[in-house]
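*Asks:* Produce the complete structure using the sequences and hints provided.
Going line by line, the protein sequences match chains Y and A.
Using the numbering used here, read the first sequence as starting at -1 and increasing by one per residue.
Using the numbering used here, read the second sequence as starting at 27 and increasing by one per residue.
Because the hints were derived from the structure by calculation, they are not lab data.
One or more hints might be untrue.
[Claimed, not checked] Quick list of simulated restraints, FRET-style, between CB atoms:
| # | chain 1 | residue 1 | chain 2 | residue 2 | range |
| --- | --- | --- | --- | --- | --- |
| 1 | Y | Gly81 | A | Leu431 | 36 to 42 Å |
| 2 | Y | Met142 | A | Ser31 | 22 to 28 Å |
| 3 | Y | Ser157 | A | Ser31 | 20 to 26 Å |
Positions of the beta carbon are idealized from the N, C-alpha and C atoms, including for glycine.
So you can see what is in the structure, the chains are spelled out below.
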Amino acid sequence: MQTANTDTAHESVPETASYDLHDVTRRFGSGSSSVEALRGVTLHIADGEFVAIVGPSGSGKTTLLQLLGAMDRPTSGSIVCRGRDLSAMSDGNLSSLRLTTLGFVFQQFNLVPTLTAQGNVEAALAPAHRGRVRAESAARLLAMVGLLNRRSHLPSQLSGGEQQRVAIARALANDPAIILADEPTGNLDSTTGQEILDELRTLSEQRGKTVIVVTHDPAIASSAHRVIRIRDGAVEE
Amino acid sequence: MFYVSYALSELRRRGGRTFLTALGLAVGVMLVVMVSGLSTGLDRAQATVLKPLTGVGTDMTVTRPIRLSTSGGGVFGRLSPQERNALRQENGGGRRFDFRNLKPGKHFSIDRFVATSQLSFPGSEVTAVGKLSDVALAAGSLTLTDTHVSGTVPKNLPQPGSGGFGGRFGRRFGGAPPGGGFNGPRSINFTTRTVTGIDIAHPDVAPITAAQITRGHGLRSSDGAYAAVLSTNYASLNGLATGSKITVDGKAFHVVGLASSPLGGTASDIYVPLSTLQSLAGYRGRVNALQVRATSGSSVSSVRHEITSSFKGAQVTTAADLAKRVGGSLSTAKKIANTLGRALEIVGLLAAVLIAVLLTLSSVAKRTREIGTLRAIGWSRALVVRQVSLEVLVQSVLGGIAGALLGLAGIAVFNATGMRLQATISNPSTATSPFGFGRFFQGPGTSTVPTTVHVTAPADLSILLLAVLLAALCGLIAGAIGGLRAAQLRPASALRSVE
Ligand SMILES: Nc1ncnc2c1ncn2[C@@H]1O[C@H](COP(=O)(O)OP(=O)(O)OP(=O)(O)O)[C@@H](O)[C@H]1O
Ligand SMILES: [Mg+2]
Chain Y
-1 MQTANTDTAH ESVPETASYD LHDVTRRFGS GSSSVEALRG VTLHIADGEF VAIVGPSGSG
59 KTTLLQLLGA MDRPTSGSIV CRGRDLSAMS DGNLSSLRLT TLGFVFQQFN LVPTLTAQGN
119 VEAALAPAHR GRVRAESAAR LLAMVGLLNR RSHLPSQLSG GEQQRVAIAR ALANDPAIIL
179 ADEPTGNLDS TTGQEILDEL RTLSEQRGKT VIVVTHDPAI ASSAHRVIRI RDGAVEE
Chain A
27 MFYVSYALSE LRRRGGRTFL TALGLAVGVM LVVMVSGLST GLDRAQATVL KPLTGVGTDM
87 TVTRPIRLST SGGGVFGRLS PQERNALRQE NGGGRRFDFR NLKPGKHFSI DRFVATSQLS
147 FPGSEVTAVG KLSDVALAAG SLTLTDTHVS GTVPKNLPQP GSGGFGGRFG RRFGGAPPGG
207 GFNGPRSINF TTRTVTGIDI AHPDVAPITA AQITRGHGLR SSDGAYAAVL STNYASLNGL
267 ATGSKITVDG KAFHVVGLAS SPLGGTASDI YVPLSTLQSL AGYRGRVNAL QVRATSGSSV
327 SSVRHEITSS FKGAQVTTAA DLAKRVGGSL STAKKIANTL GRALEIVGLL AAVLIAVLLT
387 LSSVAKRTRE IGTLRAIGWS RALVVRQVSL EVLVQSVLGG IAGALLGLAG IAVFNATGMR
447 LQATISNPST ATSPFGFGRF FQGPGTSTVP TTVHVTAPAD LSILLLAVLL AALCGLIAGA
507 IGGLRAAQLR PASALRSVE
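*Replies:* So this is what it looks like as structure tokens:
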């Protein structure tokens, strides 16, 4: 188990740490009905790591991933992502952090149903890129996941594995340093799941991205550099 | 472009919802277009009715109506003895048609002038009013009803002399229409017509202005004393045109022009120079209406006050007063358009906005995961608000265009029906003349004959533009509400919500 650095320590080496979590708790609700989904999580994740987060259902994996993804704020404790303290950032700054630094892959793919494969990738490019550049980038990303010939298909016209590859292309749209995935193979058969896993591993090994995957899949867990086990909201690495 | 095509694809997917939102706005906008078109049409119709009354450049008309008030000593209570006398004289106190010298079989032609509901006043009042501050111009006019009787005295009258015929005639005169009481209707020709004397020196404030002249020209001093302008109605009824001669009180007048028959009120059949009428009718130096132009529109009320306080028994009628007195189906329609129509507009628009808001909110609720995902991949709150607003805006503008077209179609249908409404200008002193003539004579300005106006609702591009803008505004309201609701959705709902 890694010990948390002090704030001054990681400021001196900001680019080497994707995450530094110190005593993070997340409580849902209040009073007698409150649930403490995370209790005192302290964690360091270096740049370029391929991390699997595992644990029984309800142990707090998704809650942790949301905090890492700047989609949620901890009840207490601090989260520093690449040198920036998330708890001190405005909603707008968190949005742009999600846009530029983080990429998400969801269990249910979460493609916009009315947009084509191309459109879905462009949705992630649109806030920062315009016109021709955007369309060309989207095409290049789709080509990278092998789906250029499916660019004008709607999600409903794609298989689960294809949808997840579109989602990976979308996650990579702004060339983020960190990819976060919540059970990316949970809705896929084992062969397709393996393909997605290979994609993620390539991102980590060949492109130096930090990949953090929440999973029940032992195949993913075994191919990860590091496995973080969570039980009852606490890390037991 | 991405955002627009995203919005369009979203609207296409939720076609039913889009249609309902657009339909709601279309109905609201259609109501606005139709009601405002109709109400503009009614305003224009009213202006058409009022224009000849108000005249060009005349701000107010001063008359001295007969008031049957019990206070102040009756009709002439506040007047000087000389004035009372003059009025009694001119209103036929002792005058009669003088038939005494007529022999059976002899042809006769007699004119008799009376002013009934308006009392006359000396021309000096015109000068006095003209000297008031804020009065730019003042000119007097005299409008009289000319009863013209001509024909041949019946041969078998029992007693042609000693006033017997005159007395009997006089009685019939105020009652039933003439003709039936005489032996052979062919023998007596009985007409009444209104004659107005105009101050030629002040054509700008005359009861008939250059704008009303349709043929020939208005009265000029160069035409001499015996020139006349006829109303087109009167001219066509009597087969007269410019160049014709018309006989008034035995004098031949040369017709120099025709004037479009003024709608609604102070329509006269014949216009002649004021001094000519005054001497023919025995109204020397007297007028019974005074047209006044104020130095500016803002001084109208102060001029009115000055006149009423200095001129006994005067009634000042301004253009605004006339507008208030327009009655008949036109004013009823205007009232309906202004109350029910406005209410309909507001209710329609509010309902449209409400429908749009509710549908947008429910669509946002159904898109929790989609919107959460957009937030998760980096869309800011502002961007989400903008996107939702854009979607609603597109629907609204489509609805607005549809509504405007429907409204224009409605207006076209309305105009095609050729709706005609009637307007009457009621005179506040509609009292029966105290001189026994009853309703037979109507004084100037007492038009009880309704004027028919064709109401056409205008349909122009500006209404279309306004309608679309209005719909867009409604859309922006609904879009902002829906968008703000969407922006409240946490990005975490991308991971949590089940679809
Ligand atoms: N928004 C919320 N409100 C209340 N409780 C919540 C909320 N989100 C999560 N929880 C609770 O927090 C705990 C952890 O939930 P979380 O979704 O992180 O578990 P998980 O490890 O992802 O489980 P699974 O493997 O089934 O996805 C659970 O007990 C859950 O009920
Ligand atoms: Mg989970």
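*Asks:* Each hint needs a verdict: does it hold in this structure or not?
*Replies:* Verification of the hints:
1. Take Y/Gly81 and A/Leu431: their Cβ atoms lie about 59 Å apart, and the range 36 to 42 Å is violated.
2. For the pair Y/Met142 and A/Ser31, the supplied restraint of 22 to 28 Å holds, since their beta-carbon distance comes to about 23 Å.
3. Taking the beta carbon of each, Y/Ser157 and A/Ser31 are about 25 Å apart, inside 20 to 26 Å as hinted.
Figure legend: structure checked against the earlier numbered hints; the only hint not met is number 1.
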